[in-house]
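Residue numbers (our numbering), protein chains in the order written: chain S, 1 to 143; chain V, 1001 to 1088.
Source of the hints: derived by calculation from the structure; they are not laboratory data. Remember, predicted model here, so these are calculated numbers, not experimental data. A couple of the hints might just be wrong.
Pairs of lysine-lysine, DSSO-like flavour, derived with a Cα cap of 30 Å [what the hints assert, rightly or not]: (1) Lys5/S <-> Lys15/S; (2) Lys42/S <-> Lys5/S; (3) Lys137/S <-> Lys1057/V; (4) Lys70/S <-> Lys1057/V; (5) Lys1057/V <-> Lys1012/V; (6) Lys42/S <-> Lys1012/V; (7) Lys1058/V <-> Lys1012/V; (8) Lys137/S <-> Lys70/S; (9) Lys1058/V <-> Lys137/S; (10) Lys9/S <-> Lys70/S; (11) Lys137/S <-> Lys42/S.
Covered stretches of chain V (in silico footprint by chain S; criterion: 3 or more residues with CB under 8 Å from a CB of chain S, positions within the stretch not fixed) [stated by the list, open to error]: (12) 1017-1030; (13) 1053-1063; (14) 1079-1087.
Derived list of chain S stretches under chain V, where covered just means 3 residues or more per stretch with a C-beta under 8 Å from a C-beta of chain V [to be verified]: (15) 21-33; (16) 93-104; (17) 111-123.
Ideal Cβ positions, reconstructed from N, Cα and C, are used throughout, including at glycine.
For reference, the chains in residue letters:
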Amino acid sequence: MDEQKAVMKNAASSKTLGTALAFAALALLIATVIFWFNLANKVSIPANRTLFVFAFLLAPVLGVASFVMKARWFGSIAAVAAIIGGVFLTATIAISRQQVADNPITVGDTVPYFTAVDDQGDQFVSDMLYGTPTVIKFFRAHW
Amino acid sequence: MIRAKRGVHRLKATMLSDRDLAVTDAFGLRNQAIHSGPIGEDAAEALPVPATLLLDKKGTVLWMDVAENYQRRQGPEVVLAALRAHLD
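Whenever a hint applies, use it, and build me the whole structure from the sequences.
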């Protein structure tokens, strides 16, 4: 009888620990995401994002661990959020690399001839760039 | 849409539309990797790689920066530093 009680007590404490682990996973993910977007706002996300990947992947690992320990139902919600969020954010890092064509323009080249319509609806011809130094920026107009 | 927002952002630069990426292709700056651009017949099939070029008055490239991934691109301070380095 005592033995059975002890087993049940063990199971209960494992559940509590699992639930705590699930919330720790979610907290880790949220903290990392807040830090990430702070850096993103300053356009200073580091080139080497290994630590971010580590944190983003640690969250799902903790989430899975909490399932193994049979976390309580509300812990499971936190665990699922941590797993989905962590995997998704890691995936965005994995596919973020850009690849240009084989022969992009480089320093020393002259700009190619081009025409485009400006925001007033007028035609812009690249010849208009001559005569004064210019900065050209390429970016997407909408997300 | 761009015209409507011009006043809001107080933009003084010339904004050019490159919906079919013709200019982007002329510069060779179309992103060949996975992208999240609009898909559809009338939409561009891809996106330019975020890039900044500094030209002299003859249209020669003095300096350029191409973002190696879309989560990271140079801020205005880097462009300003390039302007000082190349034009002063």
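Practice task
Could you work out which earlier hints the structure fails to respect and list their numbers in ascending sequence?
Solution key: 2, 4, 8, 15
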